[in-house]
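Colleague: Using the sequences and the hints, build the whole thing.
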Amino acid sequence: MIFLATHSTRHIAPSIVFGGALLVVLCGCQEQVEPVVPFVFRDVTQEAGIQKDASTYSIAAADFDKDGFPDLAVSNHHLLPFSFLKNQTDGTFEEIQPIFRGPVHQRQVSSGSNGEKEQLLDIHGMAAWYFDDDDYLDLFLSTGGARANRVLRNMGGGRFEQVDIDPLLAGFKERARSIVPMIVEGGGDAFCFLNHTPGPGSRFVTRQGDQLEDKTVESGFGRLKGTQLMGFHGDESGRHLYLNYSGGPLIACELTSAGKFVDVSKELGLKRVGAVNSIALGDYDNDGDQDIYLCRGPNGAVAGCFVFGKSIAANLTLKDKQGLRFRTQGQIEIKVFVQTRETKGKNPVPEIVRLGRGKEMISVLPYRLDVNDQRLEGEPDILQPMLFLHRNTSGDLILQCGSEQPTTAQVYVIVHCSSPVEIRETWGFKIGAKKFANRLLENREGKFVEITEQAGVGDAGLGQDSLFADFDNDGDLDLYVINGGLFQGNSPNVFYRNNGNGTFADVTQQAGLSGPEKGRGDAAVAFDFDRDGDLDIFSINGHGPWKNIFDWIDDPWETRDSVNDSESFGPYCLWANETAGGKSFSIDLIGSASGPLALGTRVVATFGGKTLIRERNASNGASTTSILPLHFGLGDSQTAELAIYWASGKLTKHSAKAGEHLEISEP
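What the sequence shown shows, in this note's numbering, is residues -3 to 663, in sequence order.
Think of the hints as simulated: they come from the structure by calculation, not from any bench. Please read these numbers as outputs of a predicted model, since none were measured by experiment. Here a beta-carbon is modelled for each residue, glycine too, at the ideal position from N, C-alpha and C. Among the clues, some could well be false.
Restraint ranges, calculated between C-beta atoms of paired labels, are given here [what the hints assert, rightly or not]:
(1) 528 x 62: 29 to 35 Å
(2) 347 x 440: 16 to 22 Å
(3) 497 x 153: 45 to 51 Å
(4) 420 x 253: 55 to 61 Å
(5) 306 x 648: 53 to 59 Å
(6) 510 x 373: 49 to 55 Å
(7) 450 x 254: 49 to 55 Å
(8) 442 x 634: 34 to 40 Å
(9) 655 x 414: 23 to 29 Å
(10) 205 x 510: 21 to 27 Å
Modeller: Shown next as structure tokens:
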């Protein structure tokens, strides 16, 4: 049976560990009503020296150089291979490029219309882990296409160098997405891989000393239909691994005592809710067990219409009679891309757009005009497979397509407005964002129950990533949601304050955490980069608006027109937490029998009438593994009594003071 940790405080025999150590914190304080303080975050990206746009995928955070401050590793999805941001301990970071073997970019010339191309490295998920016998965390890079996975050995001082690895780790040339390490009974390691291509592409590999063994078949792991390892959770009913497939439903699997992976989604009450891009695990209601937040959004082309502030993005089929009526003021900007069965990519086609009764053709994209432009007057006759835009007598704008003529063309249209937009009617499709609303699942004695509406966290902004963290140090886990975008670009992130009564409040604007307009939201990590006792946020936004995917005509996974196409990129963002919140302390666990990182150690903290849970966990969002200190917000408490339930079954007790950072070793 996998041991992730249970929330009981009884002695637990060691088995297999996916991430968490059990730690109980007893604080000497009386229950108090904490005042609500405003969240204050300040954008320090530029002053930290990491102002940069990139094409990104995932983040791994850890103290890689062992100076006591967390560093950042960012996998750059399409162009730049990898960025290591070394924390300089003074509020700034230095970017250091690793040493790769062979060419990072291979130039090649195409005889097609796109000319010279760039060969991409295509790095996806990452894992911080010990791949050798020194004390420095190394990095595993999961790589897509036909490329081998890579291990970057940590040489110290922020320097990484690619090293040879066993074919069992390197040979998954099936668009690999993630790797997550865990501890095996007897002190060895195990690595779970999940690739975009299910079946043989998924692997379960164990390591004892220098010996690797592929246990994919005997464990049943290869039969799992998944692309991303999203998280782990253990309670008295079982030890569960969460994964999904291509933005599909969340799946929970249990590794039984016989060493078999079994789908237990139904037993846990997990309904088949699709479009899950990532999950956040955390005890949001402080009842002693882990709840799940499903971060959802379309992962690919979806039919329908999406509205984001001043922008409309619609995916239409010319053969169908589809359209929408909307109201706005000022100017509009139109972008149109067309895909047919005969073309691999989506091409800008200005001549498909017709304006008003006169059906005037536009000649360039993007095309700007005023909503009161005379060319928009009057309803046109729709006889050809075109995209029509006109203004009715009430001043509403109508965008529609369709004809009696057969066509296979798919049209992607973006309308940017200078003023807020109101959708008044649609036909042939629906407003799409609502069907991708996020969901909160409360764990009730081993069964998950949806309580999204009651909790007030049903954001429908095309979620890409989310994280639970105590950002005001009051002992309650707040929630930050990273939203991406479709072909229109980015959509605002959402930041929820935990009210401490089972509900949340949207305080995004107060906190200043809506994120950048540029790019497409990708992932985020909560970490105390300046060691001032509260959790800061680093996010990446370079998943790329779909406009740039339209440019990948010949081979969208292997080539790009130009490494300088900055619209493909999104910015790194670093927000320093300057909230006048409560007190806190943090702990680094150093394991022995529980493994060097003490994965499988879990935290239960009791103070002021609250019960908190924190886990030493090796999964921090979809496709990535960060190793960070355990953080405890204590409110006004000054001291805490600690009970640490190690993954090996040992129990140790300690004391902590507010403001301390402790390093505690397993005896």
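Colleague: The structure should be examined with respect to each hint, and the outcome stated for every one.
Modeller: Hints, one by one, checked against the model:
Between residue 528 and residue 62 the beta carbons are some 20 Å apart, a value that contradicts the proposed interval 29 to 35 Å. The supplied range of 16 to 22 Å is broken by residue 347 and residue 440, whose beta-carbon atoms lie about 58 Å from each other. Separation of residue 497 from residue 153 is about 48 Å and conforms to the stated range, judged on CB atoms against 45 to 51 Å. Judged by the Cβ atoms, the range 55 to 61 Å given for residue 420 and residue 253 holds: they are separated by roughly 59 Å.
Separation of residue 306 from residue 648 is about 56 Å and conforms to the stated range, judged on CB atoms against 53 to 59 Å. For the pair residue 510 and residue 373, the beta carbons lie near 37 Å from each other, so the given range of 49 to 55 Å is not met. Range check, residue 450 to residue 254: Cβ separation about 39 Å, and the 49 to 55 Å hint is violated. Residue 442 and residue 634 have their C-beta atoms about 36 Å apart, which keeps the hinted 34 to 40 Å range intact.
A hinted range of 23 to 29 Å is violated for the C-beta pair residue 655 and residue 414, which are about 49 Å apart. About 49 Å separates the C-beta atoms of residue 205 and residue 510, a value inconsistent with the hinted range of 21 to 27 Å.
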